[in-house]
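S.K.: Now for the letters of each chain:
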Amino acid sequence: MSGLDRLNSKLAKLKGADDDAEQIVTGATDGIIAVLLSEIEETILPREMVLTDEDGARFVLLVAGRRLLHVGETAAPGPDEDDDGDPSERIIAAFNGPFRAFLDRARELGIDAHRPHDRIDPTRIGCSVETLAQAVAGGPTAAPAADPVTEALALAAAGLRLAGGEIVARSGDAALLDRLEGFSAAATGLSRVTGEDAASPVGTIIGTPDPRGLLLARVAFRGEAALVLAPATARPALLALCRRPSPAAAPA
Amino acid sequence: MALFQRMQSLRKSTAGCRSLAYVDLSARLVLCSDSDLPAPPQEALDALCLRAARLLAGPIAAAAGEALALDDPPDEAIALHNGRIELFLRAPGAPDEALCCVLDAAADPEPALAVLRAGIGAILPDDTAEAAVATERGQ
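Sequences listed follow chains A and B, in order.
Each residue of the first sequence is one higher than the one before, starting from 1 at the first, in my numbering.
Each residue of the second sequence is one higher than the one before, starting from 1001 at the first, in my numbering.
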């Protein structure tokens, strides 16, 4: 428990700097967030961290493998509830929104940590500390860091994440993944068709316009690529994310 | 109406279309093209034709057809790179031929594809269509 004591001591010190109880001191919140990010960075085994304020209001952070898997007023939802959309966007929105507001409001904070009651699915993606730190640095109103590769995977029925031509992650329907893995050798040739562009995403979308059918798409950005089978209805969204200004070029 | 005029008419009716090329996928040859001024160099059209051949014919197209569980290689592809949008459509009556379109970066590909799909049949040269039918019949 020495780790928890240390953390509670840090939280008390940071909140103690706030002399006026009614005043929102965002500097204190930034300090607390830095402490929490550091704690997430050091957490390998699944941990449920519960932060409680002086009124008993609480927020739960589920952490595993140096990633934040859930943040909310209640315990983590099951994997099925967590399947829709890009998990990192959802987590960043909750972290920068309601959770940050909770930290701003709290006059006293305590933290407790324990193993989660339910088994944590090791394939849950969550949000890495690096991505979270980037989003936090942008402030509470900043949009989450856009990653076209992650967004393409979120639109897919099945997808492979490639780095340096190697498959580094798989997601989605198992039968479709088999088909994608069969195509992955040809995907190297596909990357040569359009080349790479350091400044903006590169996309190739192959398929018929049949709304009941599937599209095969490759979205590449900064050395990584998503190779996906997506519903034909996802084509406008895939086109849009390839045409958006790159995260680096976008105005802050 | 001559092939060139049909190409020009289709290009002008496709919003944001800067270049339109009708290509032979197996010979990797630009058969006819029409472009806004300044016209792109022949090398650029040849590269466009090569991309069409890779996406709609050959090993990548065959593997894509398998991944999509299609009986034949796919008939359409879109490439977005270096601020360019390129559309590739296989000619319905001649599977070895295709239409390639280069759009302005700001253009919307979906309506452009709809116009090209509707117009590709009209620009197909009659003799090419007859030749394709004759090939299918083994003549």
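In short, the hints are calculated from the structure, not lab data.
Since we're looking at a predicted model, the values are computed, not measured.
Just so it is clear, CB atoms sit at the ideal spot from N, CA and C, and this is done for glycine as well.
There may be inaccurate statements among the hints.
What follows is a set of in silico ranges between Cβ atoms, one per label pair, in the way DEER data are often shown [claimed, not checked]: (1) D1036/B to E73/A: 55 to 63 Å; (2) G1058/B to L45/A: 45 to 53 Å; (3) E130/A to Q1005/B: 26 to 34 Å; (4) R1028/B to P236/A: 25 to 33 Å; (5) L1029/B to R192/A: 19 to 27 Å; (6) H114/A to G1058/B: 51 to 59 Å.
Chain B regions said to be covered by chain A (calculated; three or more residues, Cβ under 8 Å) [unchecked claim]: (7) 1043 to 1056; (8) 1069 to 1075; (9) 1079 to 1088; (10) 1103 to 1113.
S.K.: Which hint numbers does the structure go against, in order from smallest to largest?
M.R.: Result: hint 3 breaks, nothing else.
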